[in-house]
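Novice: As given, the protein sequences belong to chains W and E, one line each in that order.
For the first sequence, this note's numbering assigns the number 1 to the initial residue and increments by one for each residue that follows.
For the second sequence, this note's numbering assigns the number 1 to the initial residue and increments by one for each residue that follows.
None of these hints come from the bench; they were simulated from the model.
Backbone N, C-alpha and C fix where the C-beta goes; we use that ideal spot for every residue, glycine too.
One or more of the hints may lead you astray.
As the list claims (entries may be wrong) - Ranges of calculated distance between the beta carbons of each label pair, as one might list FRET restraints:
id	chain 1	residue 1	chain 2	residue 2	range
1	E	Gly-219	W	Asp-160	28 to 38 Å
2	W	Glu-289	E	Gln-48	28 to 38 Å
3	W	Ala-282	E	Pro-33	34 to 44 Å
4	W	Asp-144	E	Ser-62	51 to 61 Å
5	E	Lys-272	W	Lys-135	24 to 34 Å
6	W	Glu-30	E	His-140	38 to 48 Å
7	E	Ser-216	W	Asp-160	24 to 34 Å
8	W	Arg-263	E	Lys-118	37 to 47 Å
9	W	Thr-60	E	Lys-135	50 to 60 Å
10	W	Leu-215	E	Glu-249	14 to 24 Å
11	E	Lys-147	W	Lys-118	58 to 68 Å
12	E	Gln-48	W	Glu-30	52 to 62 Å
There are 2 protein chains.
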Amino acid sequence: MSFGFSNPFPSVAVLGPGLIGGSLVMAVRECMPGAEIRLWARRESPLQFAKERGLADLCTQSLGEAVQHVKLIVLATPTGTYSELGTKFVEYLDKDAIVTDVGSTKGNVHAGIGSFLKKQGHLFIGSHPMAGSEKQGIEHARPDLFKGAVVALTTDGSEDQIALDKLRSFWEQLGAAAIAMDPHSHDEIVAAISHVPHLMAALTARTAISPDIALSALGQMAATGFCDTTRVCSGSPELWTDILTQNAEAICPCLERSIADQRRVLQLLQEKNCRELQQWLAEAKRARESIC
Amino acid sequence: MSFGFSNPFPSVAVLGPGLIGGSLVMAVRECMPGAEIRLWARRESPLQFAKERGLADLCTQSLGEAVQHVKLIVLATPTGTYSELGTKFVEYLDKDAIVTDVGSTKGNVHAGIGSFLKKQGHLFIGSHPMAGSEKQGIEHARPDLFKGAVVALTTDGSEDQIALDKLRSFWEQLGAAAIAMDPHSHDEIVAAISHVPHLMAALTARTAISPDIALSALGQMAATGFCDTTRVCSGSPELWTDILTQNAEAICPCLERSIADQRRVLQLLQEKNCRELQQWLAEAKRARESIC
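Chain W on its own, in the form it takes in the complex:
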């Protein structure tokens, strides 16, 4: 084993053994030979899973053991738990350690643990890998989860450029493309391209069910269109409740716009206003094609 020339972190601690945390230890093992990998979890069973497969050099339930002398700490638990973990591990942090995370919302994270760590003289930069799956847990982890993915790096402007470059290089070595932005812009963007689409997929699935139609008939007739449009709402309701409420401030205005727009299309249909309906659909097609 040798330290990769451009490996910015000789040691990485991942706190949280879910799909993302598990994939991260696998990806580091594969893409950064020589890096020491530590995995922390609250519960024994995912650590056992990781141990049996040799996914990390150290699997531990002790936060102190997990972070001591480590240069990059990645929070991969639900964002609501960060502050509690931070107050527990901060005393073990090296001065030059960088703390990041993989959470889906960033305003709350910077206001919470980001601000707490800064006050303690530590560096926090947010990461949000735009990768995942409707599946959960370390048993669905994959070393290639981040290949080709975009990772948003969020900074509040106070971080030094060297730390940001190191973190960018870390994600790039895992095959991702990193883009830096401020936490507020991040939250507005993910509301538009992830959180609201999740709610709309859920709404579509819910709307399909009605007492007038046999469920079996819906099942027989549903083609790939329905199943693709609603796919994301198979994600964990618990996890998504967390994500959506954390980003409610950015999501609610989008939902209000969407309700108004839905009222409008309902009216166009009621009036059979073909000219404007076609324009409405053409604008949607253009919007999609300019994004995808």
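Please arrange chain E on chain W, whose structure you already have, making use of the hints.
Specialist: Leaving out everything else, chain E in the frame of chain W:
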């Protein structure tokens, strides 16, 4: 070439050379060797395309030539054109010919051409193959488009069982599974699993665009979730304006339910009511999983 033992129709005329019509002549050629295939189009260019590739035995712009002595006539033009075509080809129809179509709505079709043909002593049974693509035109046609697809057969109760069995057998030979239902139920089901999802996909794409967010940032950050959720709204606005207005009666009540449900989830988010939001998402997940 030999007549397949179970081939219920020695000759098939397809009126309309789009994606579905084109795929249909290709599928009949492949799955029913020996059947005579005629293709009618209003315009010369798709017929030229079909001729060059030998897709049909006769490519014609004459409705009389297309339907004379043919036992199965399939309307594959927009549903709004059926009546005009019907009044033109009815005088050339054999008494034992069956007329069907491939349109996405059925109440209007039975009330229109179905009722017209019945008055003239002819048989009409609706077909709706739940197959397609956001691509259009004979140049995207595929002989396997109907393999594994469900085809709804719509009858108003006056058709004879033998004709229905023959049409069912026709679709099954192309690899599809046929389900018979009445036109009203058909329209309610497709509203729920196709037309409303199309509108919701369009709404999701439209909602993502806002003056506050750079389009390039949305494009960089959008992952498969967004692109899958909105995929169907890449379909032709012109074609979908036709489909949606034809089925407005079934779609509008679904949209009203959906607006009310969206108001509810907005309120849950504003109140950060995690318990009920999680339940709302869990119901959506169950709804999807019971259909897909």
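Novice: Hint by hint, say whether it matches the structure.
Specialist: A quick look at each hint next to the structure:
1. E:Gly-219 with W:Asp-160: 28 to 38 Å: holds (29 Å)
2. W:Glu-289 with E:Gln-48: 28 to 38 Å: Since the Cβ atoms of Glu-289 of chain W and Gln-48 of chain E sit about 30 Å apart, the hinted range of 28 to 38 Å holds.
3. W:Ala-282 with E:Pro-33: 34 to 44 Å: Cβ of Ala-282 of chain W to Cβ of Pro-33 of chain E: about 42 Å, so the range 34 to 44 Å holds.
4. W:Asp-144 with E:Ser-62: 51 to 61 Å: holds (58 Å)
5. E:Lys-272 with W:Lys-135: 24 to 34 Å: Holds, at about 27 Å.
6. W:Glu-30 with E:His-140: 38 to 48 Å: Roughly 40 Å apart at Cβ, these two residues keep to the hinted range, so it holds.
7. E:Ser-216 with W:Asp-160: 24 to 34 Å: holds (27 Å)
8. W:Arg-263 with E:Lys-118: 37 to 47 Å: holds (40 Å)
9. W:Thr-60 with E:Lys-135: 50 to 60 Å: holds (53 Å)
10. W:Leu-215 with E:Glu-249: 14 to 24 Å: Roughly 22 Å apart at Cβ, these two residues keep to the hinted range, so it holds.
11. E:Lys-147 with W:Lys-118: 58 to 68 Å: holds (60 Å)
12. E:Gln-48 with W:Glu-30: 52 to 62 Å: holds (54 Å)
Hint compliance for this structure: every hint is met.
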